[in-house]
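So the chains spell out like this:
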Amino acid sequence: MAEIMYWEAIQRAHDEEMARDPLVICMGEDIGVAGGTYKATKGLYEKYGPLRVIDTPISENSYTGLGIGASFLGVRPIIELMSVNFAWLAMDQMFNSAAKVRYMSGGQLTAPCVFRSAGGAAHQLGAQHSARMEKVFMGIAGLRVVTPSNPRQAYGLLKSAIRCDDPVYINEHELMYNMKGDVPDTEYFHPLEGSEVTRSGTDVTLFGYNISVHWNLKAAEILDKQYGISAEVVDLYSLSPLDREGIRKSVSKTHRAVVVGEEEAPVGVCSEVISVINEECFFELDAAPVRVNSALVPQPYNHTLEKAAIPNAEDVVAAVLKLFGKA
Amino acid sequence: MKLEDKKRVLREMVVHRRFEERCYQAYIERKIGGFLHLYPGQEACCNGVMEAARPGYDYVITGYRDHVHAIKCGADPKEVMAELYGKETGSSKGRGGSMHIFDVKHRFMGGYALVGGPFPLAAGIAKGIQMKGGDEIAICFLGDAANNQGTFHETMNMAALYKLPVLFVCENNLYGIGTAIERSTAVVHQHKRVCGYDMEAAETDGQDIEKVYEAAKVAVNHVRSGKGPYFLELLTYRYRGHSMSDSRGYRTREEEEMWKQRDPIYILRDRLIAEKAMTMADYEAMEKEIDAYIENEVIKFAEESPEPKVEELEKYVFADRESQMPWITGKAA
Chain A
25 MAEIMYWEAI QRAHDEEMAR DPLVICMGED IGVAGGTYKA TKGLYEKYGP
75 LRVIDTPISE NSYTGLGIGA SFLGVRPIIE LMSVNFAWLA MDQMFNSAAK
125 VRYMSGGQLT APCVFRSAGG AAHQLGAQHS ARMEKVFMGI AGLRVVTPSN
175 PRQAYGLLKS AIRCDDPVYI NEHELMYNMK GDVPDTEYFH PLEGSEVTRS
225 GTDVTLFGYN ISVHWNLKAA EILDKQYGIS AEVVDLYSLS PLDREGIRKS
275 VSKTHRAVVV GEEEAPVGVC SEVISVINEE CFFELDAAPV RVNSALVPQP
325 YNHTLEKAAI PNAEDVVAAV LKLFGKA
Chain B
106 MKLEDKKRVL REMVVHRRFE ERCYQAYIER KIGGFLHLYP GQEACCNGVM
156 EAARPGYDYV ITGYRDHVHA IKCGADPKEV MAELYGKETG SSKGRGGSMH
206 IFDVKHRFMG GYALVGGPFP LAAGIAKGIQ MKGGDEIAIC FLGDAANNQG
256 TFHETMNMAA LYKLPVLFVC ENNLYGIGTA IERSTAVVHQ HKRVCGYDME
306 AAETDGQDIE KVYEAAKVAV NHVRSGKGPY FLELLTYRYR GHSMSDSRGY
356 RTREEEEMWK QRDPIYILRD RLIAEKAMTM ADYEAMEKEI DAYIENEVIK
406 FAEESPEPKV EELEKYVFAD RESQMPWITG KAA
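Protein chains in written order, with my numbering: chain A, 25 to 351; chain B, 106 to 438.
FYI, nobody ran anything at the bench for these hints, they're computed from the structure.
Remember, predicted model here, so these are calculated numbers, not experimental data.
Honestly, I wouldn't trust all of these hints.
Here are some chain A residues pointing at chain B (derived, C-beta under 8 Å) [unchecked claim]:
{"no.": "1", "residue": "S83"}
{"no.": "2", "residue": "N85"}
{"no.": "3", "residue": "G130"}
{"no.": "4", "residue": "F348"}
Listed below are several chain B residues computed to face chain A (Cβ distance under 10 Å; list not exhaustive) [said to hold, decoys possible]:
{"no.": "5", "residue": "Y217"}
{"no.": "6", "residue": "Q235"}
{"no.": "7", "residue": "K237"}
{"no.": "8", "residue": "I433"}
For every residue, glycine included, the Cβ atom is placed at its ideal position computed from N, Cα and C.
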């Protein structure tokens, strides 16, 4: 077990899979000669050459489509969209081609592609470089959506996504590429479905994914130390499909749920998780489940406004206290 | 073209024409639903290009006017008609419909309904060929209006940049849905538009199959010999509306009549008669025989085929789950 950074974990998964299978390729803006904006493809161009590590023009929809077309012939492209904001431009190909081709061809064609992109608000990147779009991807039939909250998941989810015959969208986070964490030294495949109990608790479940798992862990610490509330933290690394059974199990144990995401409400991962709670275990609830989200504003540039728009551990604590009638 | 090939392809074009006309009738009878885009008038385009290529070996992709391209690649007309009827025996098991005919075993990689969507997919298929090292080529048939999408320019750039083995065939039928090309497009002659990407290109008469064939031979040889992509523009005309809801109010009956004087089937038929390779009586007998085939075999098959099972509504959304369990559970061997 070695401690490596999130970007190193992603790079390692690329490297191992490309070394194993000559049909695994990667493509995107600045990923080759420049080594990748977040270093996720560092050194691969030198090792595998321009036919397999493709620096693309800034044409998101068409280079995504090009990768999808190649996947029809059994190529396994890892398509990087530098920022998820640019994925808006590639959604036509992701949704209309990759996600639907298997169904509309009656199972004849499949698009075993991996789409990766950095989402979320970083530091003052402004309205057009701070999007959270996982809510859009997870509503598309035929597309798997996963989102790693640590280096181990970043490595293992990419490994599994490359091998899987279904198209997989991996939602990373701009602020997490330098996060350190343990990753097994031996090859590791993270399950594409399911969820993880990151911290066990008995009084309330804090559901989160990606960066919000870390807010929830911090909140759980505060709740335990300062208020004597035992919070369970569940990491929903698979957004599509959601782990209905994992959600049910945790809520059936704690009987209270707070769902936390950096996305803005309304409409999204959090509202979907609450729907699942209602469908799976409504009568287990001791209180109505609530969500903690970003403000519904285009992400502001100003540092103070930006901070105010995004939730944090204190907001999660406040939501829990309210749930317990302590606020 | 050799005489034998001309006779064979005339027959194929008549099958294509009668197939499409029969679709029209079935649509009126409400046997076919959704949108239906028919090909009559443009038969020499697909047939001429594919005669110069290798149907069933080269990869073909197109838009929503796709029945004839599929059949030309080797799809069974019975399965294509069954697809239009939404039947389980259809080429896409009734899940696709008219705009989504697929026949991957004959390397027909599909009909797609977003205008311009197939451009990058075609380049990607060519990328796949490049990765695997075969001598196949990718052929992308699209209409002129697709060239006003961003994917056209983005893909032409990448296809030329990466020197991909892809042939773009532009069937310029002069209308994008109901808007005349000169009202939507600054440059009417589409082959001129790729010069910005340093791509080889040509334009020819899309009604005369022998002209299409000769131009396509040059194009196919260029692409297959590894010289990179090629753009071939064919000037043609669709007799029917864009789809079935189109009453063609945007063009004159005189214009339609003028184009029908240059019908691709009649041009070839009259040439074969002039060459004494066949008589008008031979042609008429062939037409009758083809109509009987379409009625007694194609339509019969579609009519008598079973519907998909409702229990299988969700089949084909994802790959077979059992086969994916190592990645779904992370318990890879």
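Hints, verified against the model:
1. This hint holds: S83 (chain A) has a C-beta 4 Å from the nearest C-beta of chain B, less than the 8 Å allowed.
2. Checking N85 (chain A) against chain B: minimum C-beta separation of about 6 Å stays under 8 Å; hint holds.
3. Contact between G130 (chain A) and chain B, as hinted, is supported at the beta carbon level, the nearest pair being about 3 Å apart and thus within 8 Å.
4. For F348 (chain A), the interface hint is violated, the least distance from its beta-carbon to any beta-carbon of chain B being 36 Å, above 8 Å.
5. A least Cβ separation of about 7 Å between Y217 (chain B) and chain A falls short of the 10 Å threshold, and the interface hint therefore holds.
6. With its C-beta approaching chain A no nearer than about 7 Å, Q235 (chain B) sits inside the 10 Å limit, and its interface hint holds.
7. Hint status for K237 (chain B): holds, given a least beta-carbon distance of 7 Å to chain A, under 10 Å.
8. Given the 10 Å rule on beta carbons, the hint for I433 (chain B) holds: about 5 Å separates it from the nearest Cβ of chain A.
The structure is inconsistent with hint 4 alone, although it conforms to all the rest.
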